[in-house]
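A.B. asks: Here is what each chain is made of, one letter per residue.
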Amino acid sequence: MSINWFKYSSPQTFFPLAGRLALGFGALAVLACAAGLYLGFFVAPTDAQQGESYRIIFIHVPAAWMSMFLYVVMAFWAGLGLAFNTRLSGMMASAIAPTGALFTFIALWTGSLWGKPAWGTWWVWDARLTSELILLFLYFGFMALQAAIDDPRRADKAGALLALVGVVNVPIIYFSVKWWNTLHQGASVSLTKAPTMAATMLAGMLVMSFAFWFYSIAAVLLRARCIMLERERSSDWAAQYARGAA
Amino acid sequence: MEKALEAVDLRCTRGERTLFEGLSFALKGGELLRIGGPNGSGKTSLLRIACGLLEPDRGEIRWGGENVRMLKEEFWARLLYIGHANALKDDLTAVENLGVACALAGIVADDRQIGAALGRLGLAGRENLPARVLSQGQRRRVALARLALGADSPLWVLDEPFTALDAAAIDCVQDLIAGHVTRGGRVMYTTHYEASIGAAISRRIDLAGS
Amino acid sequence: MVAALRCVIVRDLRLAARRSSDVMTVVLFFVIVVSLFPLGIGAEPKLLRTVAPGVLWVAALLASMLALGRMFAADHADGTLEQMMLGATPLGLVVAARVFAHWLVSGLPLVLISPVLALQFDLSQELLGVVVLSLALGTPVLSLIGAIGAALTLGLRGAGTLLSLLVLPLYVPVLIIGAGAAEAAASGLGGHAQLLLLGAMLIFAGAFAPWAAAVALRISVE
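Chains as they are written, first to last, in our numbering: chain U, -17 to 228; chain L, 23 to 232; chain S, 16 to 237.
Some hints could be false.
Said to hold, decoys possible - Quick look at which bits of chain S chain L covers, simulated, 3 or more residues with Cβ under 8 angstroms: (1) 22 to 30; (2) 46 to 58.
Unchecked claim - DEER-style ranges, computed between Cβ atoms: (3) 222(U) <-> 173(L): 56 to 64 angstroms; (4) 215(S) <-> 215(L): 53 to 61 angstroms; (5) 123(S) <-> 173(L): 49 to 57 angstroms; (6) 130(S) <-> 208(U): 53 to 61 angstroms.
In case anyone wonders, no lab produced these hints; they're calculated from the structure. Small disclaimer: the values here were computed from a predicted structure and weren't measured. All C-beta atoms, glycine included, are put in the ideal place defined by N, C-alpha and C.
Go ahead and model the full structure; you've got the sequences and the hints to work with.
C.D. replies: In structure tokens, the structure reads:
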């Protein structure tokens, strides 16, 4: 069975599909989250050095992974939109940014919450946390640029270029910050090295990663639906949908 | 070089409004094309699309059969575009401004030729004044002086060339345009002024406006 | 084509010479910001000597960012940018020439005045040399990256602050390596690695940034 992928490349046909997918992935996300949190908070053993407070890594690490993964996905959609001049790709990239920023913020916040009981300070200039902070600025920059441009086509293309420049820079930023950190911190307090990974801990983090991934897909698709309705409001199908929903 | 500028099924929207659609035309050597229409009907947008600055929502512009946005510099080297804005720097003199404009457009012209072009547009004696002290009409004339040096550019696209000009300057510019068309060039322009340019083939396309 | 590029650079230099206040404000900003730091953190000599490279770098970065607004905005407003985009020379090369002229006017003066400011912080001779060299290599990179930001934010409301938000995260690696050069030299390791890295960044940025900025300009003008 060959699926005609191009059938879904127009907002009109993608809109209902996105709705169904969002529902499905949302349900999966709730299930995976429940499983992951159960694993993380009840099954995984207590850490010898840090006691119970280390359990926040079950949110912190998956959130950090998601924040970086989503940036790359956003840059991918942005690149597609720029290369093939498709409207939908630009809408997807715009839809991803807020969710990516959210996970970056969660990673930073949980990192801070972890740092306080573990090392006594609310903020640590750890290489990864600092990179996450700069990633948050990159997300904000993308969203601010798109918000400042009235014309949607120009906003899509400008954001796309910025996202592509950003994605090239993310590894450079990460390595330079890592180098800076070793120079200044010496025996560094690395937040992810602390507990030795028992199998259940790793399993918990993986399940939570999937939970966050499913949530991201659901949230992005729902947001993309809103963007589609807004951009295409003058077209027939959007007007029909609005009448149907009213 | 008998390449034609073709517009194929152009559609342009600005925000929610569709300015024009299904617009097609061809501009061959020795032809003069005037774009008419009320304010806001998309004349400037059409000219910018024709230059390749703006991408149409549908359709394409072709030069010699190829899409101008693919040709890029190959096309732009053949184009002389004078828009609404004069593209003058206040702090540079008329001679310096025209020199920069020519260098960017790939027109080779020495100081003597530049001086002569400015003189042709009635700016003799004012070449070395900074553009800041020139009047609106004089600044427009500095911008238009490129026409006197643009014989080698087959395609001229002019947006409201006669704005702010006095009668003598208008005659001069009309002569330059007519001369270019007679030599086999193509000129596409918009204007609110009822110009009388003597040209063998002179057409007019009116954008309806809404 | 080379004639056109030379013409563009000469034009920019002429404009800067006739409006020299633009140049002076950037240099003065640099000087004032550097002078603010001792006022803020105390004038203890050992502390100042330690923070000097970082302070000079941050101030140069901010001053550089201030000057970015001038790069394309004026040309966009009076229509010259359109002529550049419709010219016979590839836009990427024109942008490269503009960025070079912009650096000559806004970056090089900072490099030249930095030794004087470093003396305020009692920086030693060899360290001074490393700092100046790192700024000489780094400020062009800042101009190149900044050009992309300036091109993306062309004509937007609040373009100045938006430009800062876009460009500062991208400046971070340059800042870290640039300031790190002097720190490495101070700790006896020698700043060669960082200076070489800066050189590599300069080559990389010089190759790609003008092209990216040209794409951004076309997007912004549509």
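A.B. asks: Determine for every hint whether it applies to the structure shown.
C.D. replies: Hint check results:
Here the stretch 22 to 30 of chain S counts 5 residues with a CB under 8 angstroms from a CB of chain L, which clears the bar of 3, and the coverage holds. Only residues whose C-beta sits within less than 8 angstroms of a C-beta in chain L count toward coverage, and the stretch 46 to 58 of chain S has 0 of them, not enough to reach three; the restraint is violated. One distance hint, 56 to 64 angstroms for the beta-carbon pair residue 222(U) and residue 173(L), holds here, with the actual separation near 57 angstroms. Between residue 215(S) and residue 215(L) the beta carbons are some 58 angstroms apart, a value that agrees with the proposed interval 53 to 61 angstroms.
The hinted window of 49 to 57 angstroms between residue 123(S) and residue 173(L) is violated, with their beta carbons roughly 41 angstroms apart. Checked against the given bound of 53 to 61 angstroms, the beta carbons of residue 130(S) and residue 208(U), roughly 56 angstroms apart, stay inside it.
Going down the numbered hints, you'll see the structure goes against 2 and 5, while the others check out.
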